[in-house]
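Asker: Protein chains in written order, with the working numbering: chain S, 1 to 371; chain W, 372 to 642.
Be aware that one or more of the hints could be misleading.
Derived pair list, reagent style SDA-like, types lysine to any residue, alpha-carbon separation capped at 20 Å [what the hints assert, rightly or not]: (1) K138(S) <-> S531(W); (2) K545(W) <-> S143(S); (3) K174(S) <-> S143(S); (4) K627(W) <-> H97(S).
None of these hints come from the bench; they were simulated from the model.
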Amino acid sequence: MRANPGGEAAFLRIEGVSKRFGSVTAVDDVSLDIARGEFFALLGPSGCGKTTLLRMLAGFETPSAGALLLEGVDLAALPPYRRPVNMMFQSYALFPHMSVTGNVAFGLRQDRVPRAEITARVEEVLALVELSGLARRKPHQLSGGQRQRVALARSLVKRPKLLLLDEPLAALDKKLREQTQFELMAIQQRVGITFVIVTHDQDEAMTVADRIAVMDRGRIAQVDTPSAIYEAPRSRYVAEFIGDVNIFEGRARAVNGGDVMVEQADAPAGLAAPARADGPAAGDAVMLAVRPEKIEIAPGPPPPGTANAMAGEVTEIGYLGSVSTYRVRLDSGKTVVSTQTNRLRHGGGAIDRGARVHLSWPVEASILLRS
Amino acid sequence: MRRGLSGINLAALTLGFAFLYIPILLLIIFSFNESKLVTVWAGFSTKWYVAMVENALLLDAAWMTLKVAVVSSTVALVLGTLAGIALARLGRFPGRTLFSGMVYAPLVMPEVITGLSMLLLFVALSWARGYWTVTVAHITFSMAYVAVVVQSRLLTMDRSLEEAAMDLGAPPVKTFFAVTLPIISPALVAGWLLAFTLSLDDLVIASFTSGPGSTTLPMKIYSQVRLGVTPEINAVSTVLVGIVSIGVIAASLINKRAMVIREREAQAADP
């Protein structure tokens with residue numbers, strides 16, 4: 001990870017920002033620090049306030065409360081056309097009556113950049129997005145992927161301090177989207193501009209971003225690196241929004257060394273998870289989250305007394321090529337999902353549907369969540 | 372296309388066109404009539420066109436109509452565009468409902484009422500009735516049409532185009548002239564042509580608001596017809612029909628071209 005959010009004074013500081021539309025609170029007391037050169041993602045379902053937050057950064061919405069500071073300068077005082085911030089729109093918003101060059105040069109013309117420099121910079125940025133041959137085309141003569149590149153070039157050409165990307169890849173088909181994600185990361189590293197991307201696609205956020213803020217109904221649920229968000233979610237919402245997860249509800253029994261023991265009906269020897277600093281006390285209702293790929297599935301039982309062990313019957317097997325997904329019904333009727341990598345071709349010792357199996361996972365794979 | 376043209380469709384089409392256009396066709400044919408009688412064909416002649424061109428009163432009226440139409444539709448274009456922008460872009464402002472109602476009122480107001488109220492206004496202000504009063508009256512009712520056309524175009528236009536221009540450093544006024552105006556220009560042309568043709572063939576409002584020396588062509592034709600129809604009127608009407616047809620065809624071609632371009636863009640947008 002390039003960015004080190006703690007080390008440097010915040011490049012972009014979002015301080016207690018709220019936005020209310022009438023009685024609806026779209027963004028609710030959000031505070032964030034984003035470092036220079038960081039690729040930051042705002043992730044959440046539609047209506048979680050991520051686009052509103054982006055539009056406040058661009059200047060199209062005014063915060064109802066709080067401050068937006070870019071290098072210590074309050075952005076609120078500046079109208080959109082004076083902010084050192086550019087935005088790439090979800091619809092691309094290419095000017096239909098201008099050529100590719102006209103679109104890309106538009107921002108430079110507003111700044112009265114000399115003509116020769118405009119030409120040079122437009123050529124440079126079109127080369128960066130690999131569109132050099134199409135400079136004279138009109139937007140309606142371009143494919144979806146080409147328009148997306150023009151929109152990116154247009155928002156990059158002014159070398160903004162901050163680039164905002166509103167669902168930049170949503171209109172592309174799956175294959176092109178995945179390819180473009182890597183190009184976007186390469187371009188961001190080359191130009192060194194701080195990117196803030198808004199997306200509802202968790203895979204996209206995980207792939208491109210250095211850090212992700214997961215948003216839920218106007219609030220920040222968690223800000224962390226992609227791996228921390230996945231491996232150490234701090235709430236059920238985050239655990240369930242990113243990837244698949246099995247959730248077990250139980251009661252904390254005792255803190256045993258560094259581990260918390262949890263009583264749960266399906267596990268005879270109980271469940272164990274590493275304790276958290278703000279960990280629950282004995283007797284609290286808690287949740288334990290386990291990712292499907294961390295759960296081992298075996299025909300025979302583990303040694304008696306092992307924590308994190310359960311038994312059940314395989315009800316369904318989903319074969320996905322690289323992995324298979326097993327749905328196992330426990331004796332209590334609860335279904336647990338386990339994913340196994342298909343290392344062997346046509347899997348040796350394969351487990352069939354209806355088989356009685358034993359599930360287990362290491363203590364470190366358990367994530368303790370408060371109820 | 373061809374398959375759809377069965378016997379019954381063909382009959383419906385023919386009847387429809389006949390119903391709409393035979394009166395106009397007759398009017399045009401009889402403008403080339405040799406005879407002074409409008410209903411008896413006596414051979415081809417263009418003498419009524421010559422008579423028309425030599426009729427100074429008629430030409431004065433035509434010139435007056437043209438001046439009124441050009442000036443009123445141009446002013447209506449500016450005012451109507453401003454009203455359309457206010458309605459489509461300002462969001463909720465105090466008195467918006469009242470404003471929008473007042474902009475649209477002239478569309479549904481009976482012309483007699485509009486004409487009468489304009490007349491009362493001019494009398495109250497003691498303005499001498501003439502060219503300017505007719506023009507002002509025409510601006511009043513035709514700007515409503517422009518406002519409707521412009522507003523509906525602005526509502527279908529992607530707001531993010533304007534936001535993108537501002538984001539790239541163009542202040543609001545610059546954004547309007549560099550981005551909004553070029554994109555809605557087909558609607559402006561259509562609005563102007565609509566206002567122009569409305570002004571060209573208005574009789575009622577002009578009758579109320581004109582004074583001596585500012586007779587418009589429709590007024591002239593109407594007063595002449597009451598004294599008896601001559602093929603000269605047919606000739607004038609034919610010329611009017613020609614001008615209006617050209618205007619309407621131009622407006623629809625401009626609109627169609629804009630639509631084709633928009634469609635192509637929409638097609639390119641989804642791969």
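Asker: So which of those numbered hints doesn't the model satisfy?
Answerer: The structure conflicts with hint 2 only, although it agrees with all the remaining ones.
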